[in-house]
Amino acid sequence: MRFKIACAATMALLVFPSGVWAGTITGKVKVDGPTPKRKVIDMSKEPACAKEYSPTDPPRMESTITGPNNALVDVVVYISAGANDEGVMPSQVVTIDQKGCRYIRHITAIHTNQKIKITNSDPAIHNVHPLAEANREWNQSQTPGAAPLDAKFAEAEFIPVKCNIHPWMHGYIAVLKTNHYSVTDGSGGFSLKDLPPGKYTVTAWHETLGTQTQQVIIGGANETKTISFTFKGKAY
Amino acid sequence: MRKAFALIVVLVAIGSAVPVILHWWPMAPDISADGHLIDQQMASTMVEVGSAFLLAQFLLAYFVYRSADRGTHENIRSIPGGVKLAVFVAVAFVGAELLALGMQGQRAWAIQYFSTPDPNAMTIQAQAGQFAYYFRYPGLDGKLGATHPEKINEGDQNFFGLDLEKDVAARDDVVSAELAIPVNRQIRLLLHTKDVGHSFYVPELRVQQDFVPGLDLMVHFTATKVGKYEIVCTQLCGMGHHSMRAYLRVMPQAEFDDWLKQKASEQ
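Quick note, the sequences are listed as chains U and Y, same order. Residue numbers for the first sequence follow the working numbering, so the first one is 1 and each next one is one higher. Residue numbers for the second sequence follow the working numbering, so the first one is 1001 and each next one is one higher.
Simulated from the structure, these hints should not be mistaken for laboratory data. Quantities reported herein were computed from a predicted structural model and do not represent experimental measurements. Some hints here could point you the wrong way.
Restricting the straight-line Cα-Cα distance to at most 30 Å, the calculated cross-link-like pairs of lysine-lysine (BS3-like) are [what the hints assert, rightly or not]:
#1 U:Lys232 to Y:Lys1151
#2 U:Lys30 to Y:Lys1151
#3 Y:Lys1084 to U:Lys232
#4 U:Lys177 to U:Lys152
#5 Y:Lys1263 to U:Lys99
#6 U:Lys51 to Y:Lys1261
#7 U:Lys39 to Y:Lys1084
#8 U:Lys37 to Y:Lys1151
#9 U:Lys234 to Y:Lys1261
To be clear about the criterion: a stretch of chain Y counts as covered by chain U if any three or more of its residues have a C-beta under 8 Å from a C-beta of chain U, and this derived list gives those stretches [to be verified]:
#10 1172 to 1182
#11 1239 to 1253
The beta-carbon is built from N, C-alpha and C at its ideal position, and this holds for glycine as well.
Can you make the complete structure from the sequences, with help from the hints?
Here is the structure:
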């Protein structure tokens, strides 16, 4: 059975151009248990950024964000095995903006070698520092109004990004070997589209709560499978 | 020509003394209980060193002027009174000057460094790191939780490396990026750096103290004037040194209490 599916998938990939497949894996990510309180970020060091926020809605730390019904936000859900699209690099450039002394978005997922453009919309100097391990680590200062920084990463890894000038600025670049990924939204939802029939390993990664995987089989060309991940929360 | 040179020496000496005497670039206003001692010391130093400088320049000009008509072949080949006497006078003169300044300054120094802080002084920890300051206030328990460098996680806003899971004393610690203090209350500031050398300098407080890696130091001071002042790093600490600053906010006690309560709720 497994062999047949694999053969069918391979044949199909050869015969049909990618994109005709409508297999979908969709679902939600939840957290079970307490999560750390989202502390207010004190930006008093950089008044230009601090004044972008209203005192009633101050910026808060972004390492564990939850939504209604225990939804877990900013989880990278991707196909870690079986996707067969490694090396098919999308041509679009992904932008990471620095605005209000935060990374927008907090989590950015890209394909290996995909081009990234890092912009600075703040009237303050930033120093972008991806703490890469598999890729080369670098840091680069960016003055207000400076040209965007171009970057790409050849190896797959989850790279923490920090600003060497504003210690509270923190984000991640998820460099993946697949185009089938999704970063969960405010409702914890994700959707992996355009999948040919086959057996897949779906991985959900969260920056503080860890990683979970599930095996999913897409049988028919238009099949939609719904799965869910539940992470165990921790108070601190 | 030589007379003109003597005149130029006099003019340059007077010209460089004028901005100092007229206070063209005055020091920042003093907002500290002990700051006047530092100011006195600075003033005495300027008077002593300035007088010595002017005296030396005027003497130089005088001798240049007096010997202006001499021929070029009558250079002096020995020091009148001998080298030993000249060295003795110079050492005695400079020594006396330094000793006098040191004796006068010891009080200002001792108040900052040798005297123990008031028993009711408020303890705050200041942590410097490339390139920002963070300040930590003990919560209601009056205790600062222990720090664990391996637990420092800036993404989680855990700048001090507190172990909130196991260390109950750390849970109510209040961490802030600005140093807010009540006016007219002595502050006992514990200085700790998590990486390289930095410094804590508030010109208005007349306090400038280095952070030294591996050493936890303490300074104490009392701010007497409500306001917002800049804290700057005056020890070159890396590429972002220019951006390393924070703000000191001196508040009336009631306002400070509200501020601390607000901060505690944001932790």
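Verification of the supplied hints:
no. : hint                  : result
1   : U:Lys232 to Y:Lys1151 : 21 Å, holds
2   : U:Lys30 to Y:Lys1151  : 26 Å, holds
3   : Y:Lys1084 to U:Lys232 : 84 Å, violated
4   : U:Lys177 to U:Lys152  : 13 Å, holds
5   : Y:Lys1263 to U:Lys99  : 24 Å, holds
6   : U:Lys51 to Y:Lys1261  : 21 Å, holds
7   : U:Lys39 to Y:Lys1084  : 71 Å, violated
8   : U:Lys37 to Y:Lys1151  : 17 Å, holds
9   : U:Lys234 to Y:Lys1261 : 26 Å, holds
10  : 1172 to 1182          : holds (count 4)
11  : 1239 to 1253          : holds (count 6)
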